[in-house]
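If you read the protein sequences in the order shown, they are chains P and G. Going by the working numbering, 71 is the number at position 71 of the first sequence; the sequence numbering is gapless. Going by the working numbering, 1011 is the number at position 11 of the second sequence; the sequence numbering is gapless.
Because the hints were derived from the structure by calculation, they are not lab data. One thing to keep in mind: the hints can contain errors.
Derived DSBU-like pairs: lysine-lysine, alpha-carbon spacing no greater than 30 Å straight-line [stated by the list, open to error]:
#	chain 1	residue 1	chain 2	residue 2
1	P	133	G	1036
2	G	1216	P	76
3	G	1061	P	129
4	P	58	G	1091
5	P	129	G	1062
6	G	1216	P	129
7	G	1062	P	58
With the Cβ distance kept under 7 Å, some of the chain G side facing chain P (calculated, not the full set) [as the list claims (entries may be wrong)]:
#	residue
8	1014
9	1015
10	1054
11	1116
12	1119
13	1147
So these bits of chain P aren't anywhere near chain G, every CB distance computed over 10 Å [to be verified]:
#	residue
14	19
15	61
16	88
By construction, the Cβ of each residue, glycine as well, lies at the ideal position given by its N, Cα and C atoms.
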Amino acid sequence: MKNIKYLVVGIFFGIVFVKAEIISWFRIQEMFQLTSFHMYGVIGTAVVVGMISVFLIKKFNIKTFSGEAITFEDKKFNKGQIIGGLIFGVGWAITGACPGPLFAQIGSGFGVVSITLLSAIAGTWVYGKVSHKIGPENE
Amino acid sequence: MYKSAISESSIFAVVRIHYFYSEIIRTILIMMELIKQPWHWLAGGIMVGLTVPALLLLGNKKFGISSSLRDICAMCIPADIPFFKYDWKKKVWNLFFVAGILIGGFIANRFLQNPNDMVIAQKTQAILFQYGVKDFTGLMPADIFSWHNLFTLKGFIFFVAGGFLVGFGTRYAGGCTSGHSIMGLSNLQWPSLVATMAFMAGGFISANFLLPVIFKLIQ
């Protein structure tokens, strides 16, 4: 199965999520109450490491391990990034989780977060249902 | 005499090998103790950042977790909605990735758990205590994230409403912290910077103005 490697990266990533306490509701509250540098440090460092990686991949035209070209697409601006972004932000502080940590929270023993995940899936579904009215396709 | 010389040196060899292995085991145990401690933000940030090149190099995949929620919809409940009519099988790697995150969470909690209580900023503890949060030992407040709160107003707000906003908002924004704030900013996309600022603004409003009201409601 060619997808197993992504499972392995996911496992590694899930461990990082828990051990760096990124999945903690408390850390998210600290971030938004500006009482700790932790989450800013994590996200800021991650962005710098990601930026350097993308820069090097582009600069040296690095291919995937199987020799495929690595491609990048530009993101188009639309009002969803502001309105949707604000809505997500409100939910982020309530649940203490963005979509990634939801999975790690469930795995690390907070089973009730599976309800949060189901509700997030429902939210995505409802967005899909109304996207032709409010989404970028409508503009 | 020759014989005894051999046995003597072989005893030394055995002792040396034994010492060598016990050193390795000792090193592993020390490392395990180190891994069990909460990681510094620099270590965590580097590891999260490395996910970007890891996925790109493994198969030209873009780091973005909220897409998996859309794929789950497309797979399970497409309901003839155009937004979910696409070939989700091509993006099935993302479902393996999030399944991995869940397993990773399990492993970290089961085998690498921090033996000490969580260290939370005093100021935040004081504020949350006023709100009625009493348990500060774990990664999540047990007074909120427990099954027995499921059918209460508290559960409805923190699980159902909160989750809905996360799912609806990320899709409307076209990505979440991973897709916009990390992958998008890594690729210098200004719409991702706008999205990230909106995430933070929403979070500030929610944590400082909305949560106090919510906690008052549920008390």
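Here is how each hint holds up against the structure:
1. P:133 with G:1036: Roughly 49 Å separates the two Cα atoms, so the pair is violated.
2. G:1216 with P:76: 40 Å, violated
3. G:1061 with P:129: 27 Å, holds
4. P:58 with G:1091: 23 Å, holds
5. P:129 with G:1062: It holds: about 25 Å lies between the C-alpha atoms, which stays within 30 Å.
6. G:1216 with P:129: 34 Å, violated
7. G:1062 with P:58: 14 Å, holds
8. 1014: 37 Å, violated
9. 1015: At about 37 Å, which exceeds the 7 Å cut-off, the nearest Cβ of chain P leaves the hint on residue 1015 of chain G violated.
10. 1054: OK, holds: residue 1054 of chain G within 7 Å of chain P, min 5 Å.
11. 1116: 12 Å, violated
12. 1119: 9 Å, violated
13. 1147: With Cβ-Cβ at 5 Å, under 7 Å, it holds.
14. 19: 5 Å, violated
15. 61: Non-interface label on residue 61 of chain P holds, nearest chain G Cβ at 13 Å vs cutoff 10 Å.
16. 88: The claim breaks: residue 88 of chain P does not keep its Cβ more than 10 Å from every Cβ of chain G (closest is about 3 Å).
Checked against the numbered hints above, the structure breaks hints 1, 2, 6, 8, 9, 11, 12, 14 and 16 and satisfies the rest.
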